[in-house]
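Q: Sequence:
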Amino acid sequence: MRQIQCFCLVVCFLLSSAPLRADNVTDLMDLLQSDKSKVRYDAARSLKALGPQARPAIKLLVAALSDTGAPIENPIQYLGPCVQDVASEALVEIGRPAVPSLIEALRHREKIIREYAASTLGEIGPPAKDSFAALTVLLNDNEDWVRYQAVVAIGKVGTDSSKVVPLLEGVFRRPNEDRFVRKAALAALHHADPQGKMAVPLLIEGLQSPDAEIVAGAAQTLGKFHARARSAVRVLNDQLHSKKRRGESYADIVYTMPVRLDIIRALADIGPEAAAAVPTLKLFLAGEELKDAEKDAPRIVLWEGKHEAEIIQVWAAAALVRIVPNQPEAKAGFEFLVRKLHEVSEEPTRAQADAAEALGTIGTDAAIAVLIQALEAEDTSEYGSLRVSVANALGDIGPPAKAAIPALRKALQVKNPWHFGVPREAARALGEMGTPARIAIPDLTRLRDSDGIWLRESVEDALQKLSADGKQVDVTKE
106 MRQIQCFCLV VCFLLSSAPL RADNVTDLMD LLQSDKSKVR YDAARSLKAL GPQARPAIKL
166 LVAALSDTGA PIENPIQYLG PCVQDVASEA LVEIGRPAVP SLIEALRHRE KIIREYAAST
226 LGEIGPPAKD SFAALTVLLN DNEDWVRYQA VVAIGKVGTD SSKVVPLLEG VFRRPNEDRF
286 VRKAALAALH HADPQGKMAV PLLIEGLQSP DAEIVAGAAQ TLGKFHARAR SAVRVLNDQL
346 HSKKRRGESY ADIVYTMPVR LDIIRALADI GPEAAAAVPT LKLFLAGEEL KDAEKDAPRI
406 VLWEGKHEAE IIQVWAAAAL VRIVPNQPEA KAGFEFLVRK LHEVSEEPTR AQADAAEALG
466 TIGTDAAIAV LIQALEAEDT SEYGSLRVSV ANALGDIGPP AKAAIPALRK ALQVKNPWHF
526 GVPREAARAL GEMGTPARIA IPDLTRLRDS DGIWLRESVE DALQKLSADG KQVDVTKE
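All residue numbers for the sequence shown refer to the numbering used here, where the first residue is 106 and numbers rise by one.
Be a bit skeptical, because a hint or two may be false.
[Said to hold, decoys possible] Listed next, the in silico BS3-like pairs over lysine-lysine satisfying Cα-Cα at most 25 Å (straight line):
no.	residue 1	residue 2
1	Lys216	Lys234
2	Lys349	Lys234
3	Lys349	Lys436
4	Lys302	Lys329
5	Lys302	Lys216
6	Lys329	Lys268
7	Lys302	Lys234
8	Lys268	Lys302
9	Lys141	Lys164
10	Lys349	Lys329
11	Lys515	Lys436
12	Lys234	Lys164
13	Lys302	Lys348
14	Lys141	Lys234
15	Lys234	Lys329
16	Lys520	Lys507
17	Lys349	Lys387
18	Lys348	Lys329
19	Lys268	Lys234
20	Lys436	Lys520
[Claimed, not checked] Simulated DEER-style distance windows between Cβ atoms:
no.	residue 1	residue 2	range
21	Asp140	Phe285	29 to 37 Å
22	Asp140	Val449	16 to 24 Å
23	Pro299	Ala471	42 to 50 Å
24	Ile217	Lys302	45 to 53 Å
Derived from the structure by calculation, the hints contain no laboratory data.
Glycine included, every Cβ here is placed at the ideal spot set by N, Cα and C.
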């Protein structure tokens with residue numbers, strides 16, 4: 106973990122560069138064609154902030170979907186957003202008027218244009234329903250990532266579930282389809298069939314696949330149906346003892362995770378209807394049946410067997426709180442999460458970060474109070490990674506966590522350069538808090554010209570969400 110955190114910090118320093126400003130669509134369209142990638146990036150970012158007013162730039166923004174230019178000079182192993190990403194976001198903000206040009210782009214000879222056009226239409230959602238027929242054609246595209254984005258978009262554009270689910274099922278059942286495309290077809294079922302009447306039976310079938318990635322994908326999607334997935338509890342419960350492992354990655358390191366983590370989290374999302382899983386979850390919380398985790402887990406930088414067992418305990422604890430909230434098992438689970446979050450260590454472990462996330466999924470006043478306390482605690486760690494996780498959890502809770510606003514405002518002011526992730530996540534969290542967080546607009550505004558691009562991105566997004574008219578604009582000029 107230490108090596109990667111150092112690498113990320115070096116990248117963050119490389120991204121130091123204050124934004125430039127301009128303020129009309131015509132100027133921004135000119136700047137979007139600059140020979141400097143940073144100028145093009147800032148122009149696209151500014152067009153995004155203008156929303157529907159940027160309509161005259163649609164054609165140029167669609168063309169920019171192939172622009173991989175970075176917002177810095179001399180990028181070295183740059184991992185952040187590029188011009189094409191912000192151009193896509195700008196088209197999403199323009200919305201329905203951009204749909205005809207994006208449909209046309211689905212037939213473009215460049216695969217990256219087809220891929221980004223499909224992704225953008227999916228993000229526009231139901232206003233892009235006219236793209237459904239064109240997206241179905243892309244299900245047979247020669248490029249796997251184009252097919253993937255078409256699958257994701259088809260689930261989001263709002264066509265009748267009786268038409269969409271059979272298409273997604275067809276992709277899932279293709280014998281020679283890439284695994285990640287089949288997994289995407291399962292994930293898309295949640296958007297395609299929100300009530301789950303057609304989707305849940307297919308996902309239960311996915312749980313019984315010999316392929317760990319498919320099992321994990323089915324579990325992750327079932328959790329999104331909450332109590333509507335109650336019919337999957339028996340099969341999920343049976344899978345709690347699975348030793349299957351799925352792939353995961355962090356930066357450029359690939360490792361594996363136990364599928365039963367996805368199973369536990371799905372059961373937690375289903376809630377009280379998953380009570381049949383409580384006996385096994387209690388054993389997990391007590392550390393029973395986890396002895397093989399240390400032996401079976403691969404010994405790599407990010408994932409040690411000791412931590413794997415602890416992480417399973419964390420999510421078992423959270424599941425007990427959510428499944429039997431008023432029972433002694435829930436009290437034991439909550440107390441375990443609090444102890445884990447406050448555990449003293451030189452650097453926070455993955456299990457502690459997961460404890461913060463788990464408390465965020467619980468989202469009660471008690472959980473919010475624990476997270477606020479952790480955010481306000483003195484942080485002597487080298488990278489501030491636990492407070493990053495805590496701020497992220499509070500942002501995921503959203504408006505119910507408005508009591509955290511003072512602590513999040515204070516977190517914006519962290520001066521330790523090694524803790525650069527803390528103000529970034531605090532800004533994101535404030536953006537999710539709604540009207541009560543408008544008190545933080547002056548704090549956020551002071552950070553608009555920050556050296557770090559990721560912090561600037563979070564700040565601008567938060568300002569746009571919090572501003573009364575949605576027109577907080579970060580514009581550019583050469």
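Q: State the violated hints by number, sorted upward, taking the hints as numbered earlier in the document.
A: When the structure is compared with the hints, numbers 2, 3, 5, 11, 13, 14, 20, 22, 23, 24 turn out to be violated.
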